[in-house]
Amino acid sequence: MKSFIRFLSSVIRFLSSVKLAIVLIIIITIASVIGTLIPQLRSAEEYLARYGQISELLMQLEITDLYHSWWFKALLILFSLNIVICTLTRLSPKLRRAFKPNLEFETQTLLAAKIQERFSKNLNLEKSKRELKKELRSAHYRIKETEKDGAVHLLARKKILGIFGSDIVHLGLLIILIGGIISSFSGFRTNINISEGEIVQVLNTEFKLQLDKFETEYYPDGRVKDWKSTLTIIEDETPRLTKTIEVNHPLTYKGHVFYQSDVGWNWRNPILEIRATKTSDPTSFTKAFLRLGEKEIWEEENLEFTALQFLPDFIIDGNQPMTRSLDPNNPAVFIEVYRNEEKISSGWIFAKFPDFSQMHSEEEADYKFEFKDIQAAQYSGIQMSKDPGVNFIWVGCGFLMIGLFLAFYWPTRDIRFILKDTVGKTEIISAGRSAKSKLALESEFTRIMTSFRRSQ
Amino acid sequence: MNESTLFLITFIVYIIAAFFYFSFLLSKKESSAKTGLSVVTVGFFVHTLALIWRTIESGHAPFTNMYESLSFLAWSGALAYIIIEYKYKIRKVGPYLMLIIIGIMALASSPLMPDEATPLMPALQSYWLWLHVSVTLLGEAFFAVAFVTSIMYLVADSREKKGIAKEGAISSEKLDSISYRCVAVGFPLFTLGGLVFGMVWAYKAWGTYWSWDPKETWSLITWFVFALYLHTRIVMGWKGRRSALIAIIGFLAAMFTYFGVNYLLAGLHSYA
Chain A
1 MKSFIRFLSS VIRFLSSVKL AIVLIIIITI ASVIGTLIPQ LRSAEEYLAR
51 YGQISELLMQ LEITDLYHSW WFKALLILFS LNIVICTLTR LSPKLRRAFK
101 PNLEFETQTL LAAKIQERFS KNLNLEKSKR ELKKELRSAH YRIKETEKDG
151 AVHLLARKKI LGIFGSDIVH LGLLIILIGG IISSFSGFRT NINISEGEIV
201 QVLNTEFKLQ LDKFETEYYP DGRVKDWKST LTIIEDETPR LTKTIEVNHP
251 LTYKGHVFYQ SDVGWNWRNP ILEIRATKTS DPTSFTKAFL RLGEKEIWEE
301 ENLEFTALQF LPDFIIDGNQ PMTRSLDPNN PAVFIEVYRN EEKISSGWIF
351 AKFPDFSQMH SEEEADYKFE FKDIQAAQYS GIQMSKDPGV NFIWVGCGFL
401 MIGLFLAFYW PTRDIRFILK DTVGKTEIIS AGRSAKSKLA LESEFTRIMT
451 SFRRSQ
Chain B
1001 MNESTLFLIT FIVYIIAAFF YFSFLLSKKE SSAKTGLSVV TVGFFVHTLA
1051 LIWRTIESGH APFTNMYESL SFLAWSGALA YIIIEYKYKI RKVGPYLMLI
1101 IIGIMALASS PLMPDEATPL MPALQSYWLW LHVSVTLLGE AFFAVAFVTS
1151 IMYLVADSRE KKGIAKEGAI SSEKLDSISY RCVAVGFPLF TLGGLVFGMV
1201 WAYKAWGTYW SWDPKETWSL ITWFVFALYL HTRIVMGWKG RRSALIAIIG
1251 FLAAMFTYFG VNYLLAGLHS YA
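Chain order of the listed sequences is A and B. No gaps in the numbering here: position 266 of the first sequence is 266 in the numbering used here, and each next residue is one more. Remember, the numbering used here sits 1000 above the position in the second sequence when you count from 1.
No lab work stands behind these hints: they were computed from the structure. A hint or two may mislead.
Heads up, simulated SDA-like pairs for lysine to any residue below, C-alpha to C-alpha not over 20 Å straight-line [claimed, not checked]:
(1) A:K436 - B:G1240
(2) A:K208 - A:S385
(3) A:K19 - A:I77
(4) A:K73 - B:L1025
(5) B:K1089 - B:K1174
(6) A:K100 - A:R157
(7) A:K19 - B:R1242
(8) B:K1239 - A:F408
(9) A:K287 - A:W348
(10) B:K1204 - A:V263
(11) A:K287 - A:E304
(12) B:K1239 - A:I25
Example chain B residues on the side facing chain A (calculated, C-beta under 7 Å, incomplete) [claimed, not checked]:
(13) T1035
(14) L1099
(15) A1123
(16) Y1209
(17) S1211
(18) P1214
(19) L1228
(20) G1237
(21) G1240
Partial selection, computed: residues in chain A whose CB lies under 10 Å from chain B [as the list claims (entries may be wrong)]:
(22) L15
(23) V18
(24) L37
(25) Y51
(26) I181
(27) S183
(28) D226
(29) V247
(30) E301
(31) E304
(32) G347
(33) M384
(34) K436
(35) E444
For clarity, every value in this text was computed on a predicted model and none was experimentally measured. We put the CB at the ideal spot given by N, CA and C, even for glycine.
Could you build all of it, start to finish, from the sequences and the hints given here?
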């Protein structure tokens, strides 16, 4: 037990050191710099190409996801503990200074101060004290007094909250760090791509999202000005809330926030415009607008055709048709052609390369199929996030700013006095003290004392 | 008369002010420094007009591209300097700070900086643009003054140690205390504008208050450097050389956050 206490106290001594804080600030800063120089969260191949042999080491040390690595988190936790212990160990002397100040000062200490004065006042002790207090109060000082060995001790102070500025800053930082931890554990984000009229179940929730209306606003020069989505939240089959959101103006429902993020087109299942022409008689043709799996009947020629597969960005990868991306860079559709329930032809046709069709005919077919156009449904890109940590962040920021204000712009000042009765007159010894506004205190001190000397 | 004419006039007035300041450095005539200060003040008012003009013309805050934000940074620098000068009467800081301001103005007017007022992309249409950028740049302007006084400190300190300090030179002690005062003004402003307002706006626009985007990370790095400055100074009693070096590193980090990140590191802040 004893050794445990000794261990605990040495841990606390370690954590209460400002040197540790400084070392941690330096390490966290350097780590943060490294994280901006090495691209984060890329593929293993990219790291191998970029850094060669050491890429494996980088990944093992999680430098490739540095800000979420165990060691960076450990540093932040150690830093938080350091802030707590540093603040707490320095708090009790400050509290004592604020609430139970020592009024038993020595003449010698007062005279040793940089800002000090000693003189004799032509009034008795009681009157001198009253006049002095009046002067101090008019300069907004609060006064505590006591008597010691027949002398009166006065402590006049103002802006005492200033000494807690740094503690309040630290409290704010801790709340922000706690908020960050809460966000990283229980924060949740997802993208919802939703087209007009669509209803989507929102992941991890009990409710559904419906897009009533979506519009894009443009500037006269054609640039996008804004995207607006009118959303309805549906819970238990009843609409609960309808709001039009735009960039910078999200919707909030039960702690879930819906942001307008962007716009896109759904290339997975577009409407495909396919034109079929009889080669030997070009006046005989038909135009079809198909979704995947739909069938078009061309009565004049007794043909049927369907679109079976669509690839927005066609590429052959090892004999296998693939799509390179979800953007319509090289749209291709696979169609099958039937006559009397019998497949006569099938193959890929390309929107951008009409002559490059790869129809494999079962029999010599006299038909040309062209992929003329595609129309994809536009969707509104909505980002949903639920972050219970965020309120901690704002409260923490509030404390942070109040603390900074107090620390820099609310400098504590105090003036100590010893008043001694010297046969009808009063001897006055005074000293002013301020860590952060010596110059201002000096001129205030002179003003108060001059005015006090003149008083009757 | 239009915004770019006003900008050009400002630029010329600042150069004239710098001319007076340098003649003060050479001739030691107090009157030249006083003329310099009045000229800077005139330049500052013309600059203010130019910014207002730009705002009215474009219909949005005057810091949405590099030209605009550089111009605003120079304006903040002139403001910070005028405040410091009226408060502490440190005439010798003037010439060097004017050089930085003129450098920023020159950069803003370089053909590499797109100065065409373009309509705002959706994410930038928010009053947080005003709050976030203006308060941050104002804080950075005070870091710039601290940067100049810290460099002057290093020079003054080494001269004093060698016993070759010139007659009438500002004492290194005064430079050290002015540096601290500038950081004491700049740090809360930078915290409020850069970090707090930045987080609020990021949350409003992107749904996340912090995403370790390079610009965010670098403003945190800048903040850490100045936190280091304050802690070593207030708690550990560091002063002078080491403090001056940290303030210099801090300003360089701020400038890297401002420029370097845009050109060298990609991220969410790609538009500004």
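Hint by hint, here is what the structure shows:
Only pairs whose Cα atoms come within 20 Å are accepted, and A:K436 paired with B:G1240 is accepted, the gap being roughly 17 Å. The straight-line distance between the Cα atoms of A:K208 and A:S385 is roughly 15 Å, inside the 20 Å bound, and the hint therefore holds. This hinted pair checks out: A:K19 and A:I77 have alpha carbons roughly 17 Å apart, not beyond 20 Å. The hinted pair formed by A:K73 and B:L1025 fails the criterion: a straight-line CA distance of about 52 Å is larger than 20 Å.
Annotation: proposed proximity of B:K1089 to B:K1174 holds, straight-line Cα distance about 11 Å (limit 20 Å). Restraint check: the Cα-Cα separation between A:K100 and A:R157 comes to about 13 Å, which is no more than 20 Å; the hinted pair holds. Straight-line distance between C-alpha atoms of A:K19 and B:R1242 comes to about 15 Å, which keeps the hinted pair within the 20 Å bound. Restraint check for B:K1239 and A:F408: the C-alpha separation of about 18 Å stays at or below 20 Å, so the hint holds.
Using a Cα cut-off of 20 Å, the hinted pair A:K287 and A:W348 holds, with the two alpha carbons roughly 17 Å apart. Between B:K1204 and A:V263 the alpha-carbon distance is near 18 Å, which keeps this suggested pair within the 20 Å criterion. Restraint check for A:K287 and A:E304: satisfied, since their Cα atoms lie roughly 12 Å apart, inside the 20 Å limit. The hinted pair formed by B:K1239 and A:I25 meets the criterion: a straight-line CA distance of about 19 Å does not exceed 20 Å.
For the restraint placing B:T1035 at the interface with chain A, the shortest Cβ-Cβ distance is roughly 28 Å, beyond the 7 Å limit, so the hint is violated. The closest approach between the C-beta of B:L1099 and any C-beta of chain A is roughly 28 Å, which is over the 7 Å cut-off, so the hint fails. Residue-level restraint check for B:A1123 holds (minimum Cβ-Cβ distance to chain A is 6 Å; threshold 7 Å). Annotation: interface hint on B:Y1209 holds; nearest CB of chain A at approximately 6 Å, less than 7 Å.
With a least beta-carbon distance of about 9 Å to chain A, the hint placing B:S1211 at the interface is violated under the 7 Å criterion. Taking 7 Å as the C-beta contact cut-off toward chain A, the hint placing B:P1214 at the interface holds, the least distance being around 5 Å. Interface restraint check for B:L1228: the shortest CB-CB distance to chain A comes to about 5 Å, inside 7 Å, so the restraint holds. Evaluation of the B:G1237 hint against chain A yields a violated restraint, the C-beta minimum of about 11 Å exceeding 7 Å.
With 7 Å as the threshold, the beta carbon of B:G1240 stays out of range of chain A, its nearest partner Cβ sitting at about 17 Å, so the hint is violated. For the restraint placing A:L15 at the interface with chain B, the shortest Cβ-Cβ distance is roughly 15 Å, beyond the 10 Å limit, so the hint is violated. Interface hint status for A:V18: upheld, as the beta-carbon distance to the closest one in chain B is roughly 5 Å, under 10 Å. The criterion of a C-beta within 10 Å of any C-beta in chain B is met by A:L37, whose closest approach is roughly 8 Å, and the hint holds.
Proximity of A:Y51 to chain B is violated relative to the hint, the smallest CB-CB distance being about 17 Å (cut-off 10 Å). Taking 10 Å as the C-beta cut-off, the interface hint given for A:I181 is violated, the closest approach to chain B being about 12 Å. Because the smallest distance between the Cβ of A:S183 and any Cβ of chain B comes to about 8 Å, under 10 Å, the interface hint for this residue holds. Because the closest C-beta pair between A:D226 and chain B is about 5 Å apart, less than 10 Å, the hint holds.
Hint status for A:V247 relative to chain B: holds, with the closest Cβ pair at about 4 Å, below 10 Å. Evaluation of the A:E301 hint against chain B yields a violated restraint, the C-beta minimum of about 50 Å exceeding 10 Å. This hint is violated: A:E304 has a C-beta 46 Å from the nearest C-beta of chain B, more than the 10 Å allowed. Restraint check, A:G347 versus chain B: the minimum CB separation of about 42 Å is more than 10 Å; hint violated.
Evaluation of the A:M384 hint against chain B yields a held restraint, the C-beta minimum of about 8 Å falling below 10 Å. For A:K436, the shortest C-beta to C-beta distance to chain B is roughly 9 Å, which falls under 10 Å, so the interface hint holds. Proximity of A:E444 to chain B is violated relative to the hint, the smallest CB-CB distance being about 17 Å (cut-off 10 Å).
Violated hints, in rising order: 4, 13, 14, 17, 20, 21, 22, 25, 26, 30, 31, 32, 35; the structure is consistent with all others.
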